[in-house]
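Participant: The primary structure of each chain is shown beneath.
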Amino acid sequence: MTDSSFQLKGSVVTTVLLEIQTLSLQSIVAQLKEKIDQVPHFFNQAPIIIDLSKVEQDIPFDEFESLVDSLNGLGLGVIGWRCAQENKPHWSGDVTIPLLPASKTRPIHVPEPVSAPSSPDVVVKTVVEERLVPQSAKIITKPIRSGQQVYAEGDLIILAQVSAGAEVLADGNIHVYGALRGRALAGVKGDSDARIFCKSMEAELVSIAGNFMLTDALQKIVWKEAAQVLLVDDSLEIIPL
Amino acid sequence: MALAKIIVVTSGKGGVGKTTSSAAIGTGIALKGFKTVIIDFDVGLRNLDLIMGCERRVVYDFVNVINKEATLSQALIKDKRTKDLYILPASQTRDKDALTQEGVQGVLEELAKEFDYIICDSPAGIEKGAQMALYFADAAIVVTNPEVSSVRDSDRILGILQSKSRRAEEGKEPIEEFLLLTRYHPERVALGEMLSVSDVEDILAIPLLGVIPESEAVLKASNQGTPVILDTESEAGLAYMDAVDRLMGEERPLRFLEIQKKGFFKRLLGG
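As they're listed, the protein sequences go chains A and B.
216 is the number that my numbering gives to position 216 of the first sequence; each next residue is one higher, with no gaps.
Position in the second sequence counted from 1, then plus 1000, gives you my numbering.
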């Protein structure tokens, strides 16, 4: 590689996404200019992507081209555009900027290649949008009492005990910074990588992706000690922490 | 309801000493000079009036007031022994459905104007009666016996206090919770037949208000219709007074937790 004059690398760049609601060139430019004037530093030479997925009407090619020109004229740097897969405009001319994948195909899990890549000279460009993502972990600060049930779509973090007769469930991991005396079910939607962590293992039941273990079995492995529960080859492992 | 502090005495499980504790603690607070009313929420199983020894003076009750068949001043019974103490008896002929949220709120609001403390003696269970008793509470005394089923039920009621009270629904500061361990028997704890104070504290994880030793004085007091706290000769009475002191923010060491060695004469006389 030392004799090569360049290296190809994947990179993640934060960009601004201009999501067009209705295509009206004048108003877009006017409104955008107003925004830029408020925080000129933020927008100066900022990479920007035009997103047409919310636009329902047909967009003339000329109008799109002049939108790109106007945006560049405002000091922004248009690096690409995208639209919904199903209403991709049928333009005769070639757009000068690259078409990026629609937002649903945002690559999060990159599947491992089945065979060795045939053409290694492909530039991988991952675009990460700047948007508020809802907090994926639910945090509970009070004890979960008998008869109560708590479910989290992501991870569940409990800064207190889980009483006997209580049940805590999560699609992701479960952390209990207190005694776990009730039932804890992690990975309830099938995530077998989910784990359960607790400060004192006294559970009635622990389960990961449907594989469970009851008190009697737990007592023989780790009891009243800090422990984690994970799934290894479809069987639960309880490991002291 | 800005003035009075509303305290619910609750447990989930029946027979652990809620009414005995309500009567004792209500009396204890009144003895400190606060105007106090104890409300019996156990509609259909009226007991508080018996423990307080005022059963013959019940004319109107809580449900009559809710239904506007009587005024509060008609229904309130003034305690004959303790100044500043009043009792609002339950109805014996109705059931818990007679308690409506608006009705209970109306009565509590009216009482709150005149009283310093309102003690709500909850019925057992976790159903409507118990939920009504705790809904408006500012503080809760969770009465627990040192045995696993009582502890489990107390844990359950703590969950309800946090989720189904008005404070919880309105997102206000949660209800203050206190543990009152009753019928404590140091000998049986030593033998491993009962949970110890620390076992129960560990499971419920709320501040301990007091430990009331198992005592014949409690039964005697109930049958006589005298709150046991007035029996200053008995350990139970003294332990309740300590609990009231702690409720008022005073520091009191726990006592009566050790096995008492019987003296030669006591053993001889079978005391």
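Treat each hint with caution, since some may be false.
Unchecked claim - Cut-off 25 Å, straight-line C-alpha distance, at most; resulting in silico cross-link-like pairs (SDA-like, lysine to any residue): (1) A:Lys224 <-> A:Met213; (2) A:Lys142 <-> B:Ser1163; (3) A:Lys142 <-> B:Glu1170.
Stated by the list, open to error - Computed spacing ranges between beta-carbons, pair by pair: (4) A:Thr215 <-> B:Glu1187: 26 to 32 Å; (5) A:Lys220 <-> B:Asp1199: 21 to 27 Å; (6) B:Pro1174 <-> A:Asp191: 56 to 62 Å; (7) B:Leu1191 <-> A:Asp191: 36 to 42 Å; (8) B:Leu1254 <-> A:Thr215: 27 to 33 Å; (9) B:Leu1254 <-> A:Ser136: 43 to 49 Å.
Unchecked claim - One side only, chain A facing chain B, incomplete, derived with CB under 7 Å: (10) Pro40; (11) His41; (12) Arg145; (13) Ser146; (14) Gly147; (15) Gln148; (16) Ser163.
Read the hints as simulated data drawn from the structure, not as lab findings.
From a predicted model like this one, the values you see are computed outputs, not experimental measurements.
In this text, a Cβ means the ideal position worked out from N, Cα and C, and glycines have one as well.
Participant: Sort out whether Met213 of chain A lies within 25 Å of Lys224 of chain A, counting only the CA atoms.
Facilitator: 16 Å, holds
Participant: Per the hint of 36 to 42 Å, is the separation of the Cβ atoms of Leu1191 of chain B and Asp191 of chain A within bounds?
Facilitator: The hint (36 to 42 Å, Cβ to Cβ) is violated, given that Leu1191 of chain B and Asp191 of chain A are roughly 47 Å apart.
Participant: Hey, does the Gln148 of chain A contact hint survive, CB to chain B under 7 Å?
Facilitator: Holds, about 4 Å.
Participant: Under the criterion of a CB-CB separation shorter than 7 Å, is Arg145 of chain A in contact with chain B as hinted?
Facilitator: 3 Å, holds
Participant: Is the distance from the Cβ of Leu1254 of chain B to the Cβ of Ser136 of chain A consistent with 43 to 49 Å?
Facilitator: 45 Å, holds
Participant: Need the status of pair Lys142 of chain A, Glu1170 of chain B: alpha-carbon distance at most 25 Å?
Facilitator: It holds: about 17 Å lies between the C-alpha atoms, which stays within 25 Å.
Participant: Could one say that the CB atoms of Leu1254 of chain B and Thr215 of chain A fall in the range 27 to 33 Å?
Facilitator: 32 Å, holds
Participant: Taking the closest Cβ pair, is Gly147 of chain A under 7 Å from chain B?
Facilitator: 5 Å, holds
Participant: Is the hinted range of 21 to 27 Å satisfied by the C-beta distance from Lys220 of chain A to Asp1199 of chain B?
Facilitator: Because 23 Å falls inside the window, the suggested range holds.
Participant: Hint validation: Ser146 of chain A versus chain B, beta carbon distance must be below 7 Å. Holds or violated?
Facilitator: Check passed: Cβ of Ser146 of chain A comes within 4 Å of chain B, closer than 7 Å.
Participant: Would the stated hint for Pro40 of chain A survive a check requiring a Cβ distance to chain B of less than 7 Å?
Facilitator: 41 Å, violated
Participant: Is the shortest C-beta separation between His41 of chain A and chain B less than 7 Å?
Facilitator: For His41 of chain A, the interface hint is violated, since the closest Cβ of chain B sits about 40 Å away, which is over 7 Å.
Checked against the numbered hints given earlier, this structure breaks hints 6, 7, 10, 11; the rest are met.
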